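Q: Heads up: the sequence lines are chains W and C, in that order. If you're matching positions, the first sequence starts at 5 in the working numbering and goes up one per residue. If you're matching positions, the second sequence starts at 1417 in the working numbering and goes up one per residue.
None of these hints come from the bench; they were simulated from the model. These numbers were taken from a predicted model, which means no experiment stands behind them. Don't take every hint at face value.
If you want the footprint, here are the derived chain C segments under chain W, 3+ residues with CB under 8 Å [as the list claims (entries may be wrong)]: (1) 1459-1467; (2) 1521-1529.
Cross-link-like lysine-lysine pairs, in silico, BS3-like; alpha carbons within 25 Å at most [what the hints assert, rightly or not]: (3) K5(W) / K1482(C); (4) K106(W) / K1430(C); (5) K106(W) / K1458(C); (6) K5(W) / K75(W); (7) K1482(C) / K1471(C); (8) K1457(C) / K106(W); (9) K1471(C) / K1430(C); (10) K106(W) / K1482(C); (11) K1436(C) / K1458(C); (12) K1471(C) / K5(W); (13) K1458(C) / K75(W); (14) K75(W) / K106(W); (15) K21(W) / K61(W); (16) K1458(C) / K1480(C); (17) K1430(C) / K1480(C); (18) K1436(C) / K1480(C); (19) K106(W) / K1471(C); (20) K1436(C) / K1482(C); (21) K1482(C) / K1458(C); (22) K5(W) / K106(W).
Even glycine gets a Cβ: it sits at the ideal position worked out from N, Cα and C.
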Amino acid sequence: KNQVEQSPQSLIILEGKNCTLQCNYTVSPFSNLRWYKQDTGRGPVSLTIMTFSENTKSNGRYTATLDADTKQSSLHITASQLSDSASYICVVTPYGAGNNRKLIWGLGTSLAVNP
Amino acid sequence: GAVVSQHPSRVICKSGTSVKIECRSLDFQATTMFWYRQFPKKSLMLMATSNEGSKATYEQGVEKDKFLINHASLTLSTLTVTSAHPEDSSFYICSANLIGTGTYEQYFGPGTRLTVT
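Chain C on its own, in the form it takes in the complex (with noise of 0.2 Å):
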C-alpha cells in the first residue's frame, strides 16, 4: 500500500527557534498533502492544505506565517514552525491524497512529535 513518511518523529528544540518537519509520499505521487497537529486525547485538527506548486491553504486561526508550508515537489512537502514557542509542542502529522476508485484515499504519516522547551 501507499507509504507516507515524516522525519523526524520527535524533535526537541529550544523556544525562538525554527524547525523543519518533512513529509515525503514514498512510492506515489501526492499533488495534495495535508498537515494537522494533535493534542492529547484530541481528534486531528487540520492546519492548512498543501497543494503541488502553488500556496498553501490554511485553516482558520492557523497563522501562515508562523507555520511555512512548502510542497516543492510531488512526493515533499515541509512544515516549518518559525519562532517556536512551548504552545507549539505537539503531535504534527501530514498525510497525502492518493485518489483511488473515486474515491479520495488519504494515507498518514507516523507524525512528528514537537517539543520546545
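Bound-form chain W, shown alone (with noise of 0.2 Å):
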C-alpha cells in the first residue's frame, strides 16, 4: 500500500533556530514528491517540487532533500521565523498518476516557533 510518514508529528523550536521534518514514503515508482505549508485555518501553500531524478530543491529558507534509493525526504527550515509556525505536509505523486488525482498525502509535521 502507497504510504507517506512524517517525522516528527509535532515540534516546538525557538525563533532563529533551525529545523529538520522528515518524511519517508514507501510509493513505488513515483514522479514526484512535494512538500507543502498550510498555516491553521487555510488552503496548503507549495514550498518545493522535486522530481525522481532530483536530490536537493531550495526555496528561501526551506531546503528539501530527496534520496530515491532509502526513500526518503527532508525539509529543512534555516533561521526560523514565527511566521513558519504551521503544518508541514509531504506528498507524493505515484507515476503515471497524470494530474494530480492520485497524490499520496502524509498527515504532516506541525511545527510552532515561539519567541
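Dock chain one against chain two, each of which comes alone in its own frame, and use the hints as you go.
A: Spelled out as C-alpha cells, the structure:
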C-alpha cells in the first residue's frame, strides 16, 4: 500500500533556530515529491517540488532533499521565524498518476516557533 | 503566482439546507479542479475531480448526489452540499491544476469552513 509517513508529528523550536522535518514513503515508482506549508484554517501552499531525479531544491529558507534509494525526504528550515508556525505536509505523486488525482498525502508535521 | 480563491471562507447553515461553495482560478485557466475535505489534524481527503465541460469524477465513498459539483467554465467550479447534516461540518478546500514544465503544479484555495447546526 502506498504510504507517506512524516516525523516528528509535532515540533516546538525557538525563533531563529533551524529544524529538519522527515518524510518516509513507500510509493514506488513515483513522479515527484512535494512539500506544502499549511497555516491553520488555510489551504496548503507549495514550498518545493522535486522530481524523482532531483536530490535537493531550495525556496528561500526552505531546503528539501530527496533520496530516492532510501525513499526519504527532508525539509530543512533555516533561521526560523514566528510565521513558520504551520503544518508541513509531504506529498508523493505515484508514477503515471496523471493530473494530481492520485496524490499520496502525509499527515504533516505541526511546527510551532516560539519567541 | 497563480491564485485560487474560494467563497465563502466561512458558512454556517442549518441541517437540511444546501450550501454552495465557489472555487475560482483568478489569473489562469484550469481545465481540472479538485475538491478536498479536511478534518482536524488529518490530511486532505480528495472528494472529487472537477472537469470543465464534463461530469465530475467522485472518489469512492463520496455521494455524488449529496456533493454536487459543477465546473461551468475554465475558471469556476462549485461544490454544493445538499441537505446538509452536522457530520458534513468540515473544512473544504479546492485546488486547480496549472500545467508547468512537465509537472502539474497544483494551487490551493484558502478553504471554506462549513458548520452545520
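Q: All hints, please: hold or fail.
A: The hints, checked one at a time:
Residue count for the segment 1459-1467 of chain C with a Cβ under 8 Å from a Cβ of chain W: 4. That meets the three needed, and the coverage hint holds. Interface restraint, the segment 1521-1529 of chain C with chain W: holds (8 residues with C-beta to C-beta distance below 8 Å; minimum three). Restraint check for K5(W) and K1482(C): not satisfied, since their Cα atoms lie roughly 29 Å apart, outside the 25 Å limit. This hinted pair does not check out: K106(W) and K1430(C) have alpha carbons roughly 33 Å apart, beyond 25 Å.
As the CA atoms of K106(W) and K1458(C) are separated by approximately 17 Å, the hinted pair is consistent with the 25 Å bound. Simply put, K5(W) and K75(W) have alpha-carbon atoms about 14 Å apart, close enough for the 25 Å limit, and the pair holds. Distance restraint check for K1482(C) and K1471(C): the Cα-Cα separation of roughly 15 Å lies within the 25 Å cut-off, and the hinted pair is therefore satisfied. Taking the CA atoms of K1457(C) and K106(W), the gap is near 21 Å; set against the 25 Å cutoff, the hint holds.
Pair hint K1471(C) plus K1430(C) does not hold up; C-alpha atoms about 28 Å apart against a cutoff of 25 Å. Taken as a hint, the K106(W) and K1482(C) pair is honoured in the structure, with Cα atoms around 22 Å apart against an allowance of 25 Å. The straight-line distance between the Cα atoms of K1436(C) and K1458(C) is roughly 23 Å, inside the 25 Å bound, and the hint therefore holds. With a CA separation close to 29 Å, the supplied pair K1471(C) and K5(W) exceeds the 25 Å bound.
For the hint linking K1458(C) to K75(W), the alpha-carbon distance of about 23 Å falls within 25 Å, and the restraint holds. Only pairs whose Cα atoms come within 25 Å are accepted, and K75(W) paired with K106(W) is accepted, the gap being roughly 18 Å. The suggested pairing of K21(W) with K61(W) holds, with an alpha-carbon distance near 20 Å, which does not exceed 25 Å. The hinted pair formed by K1458(C) and K1480(C) meets the criterion: a straight-line CA distance of about 23 Å does not exceed 25 Å.
Between K1430(C) and K1480(C) the alpha-carbon distance is near 21 Å, which keeps this suggested pair within the 25 Å criterion. For the proposed pair K1436(C) and K1480(C), the alpha carbon gap of about 14 Å is at most 25 Å, so the pair holds. With a CA separation close to 18 Å, the supplied pair K106(W) and K1471(C) stays within the 25 Å bound. Of the pairs offered as hints, the one joining K1436(C) and K1482(C) holds, with about 12 Å between alpha carbons and a cut-off of 25 Å not exceeded.
At roughly 22 Å between alpha-carbon atoms, K1482(C) and K1458(C) fall within 25 Å of each other, so this suggested pair holds. Straight-line distance between C-alpha atoms of K5(W) and K106(W) comes to about 13 Å, which keeps the hinted pair within the 25 Å bound.
Checked against the numbered hints given earlier, this structure breaks hints 3, 4, 9, 12; the rest are met.
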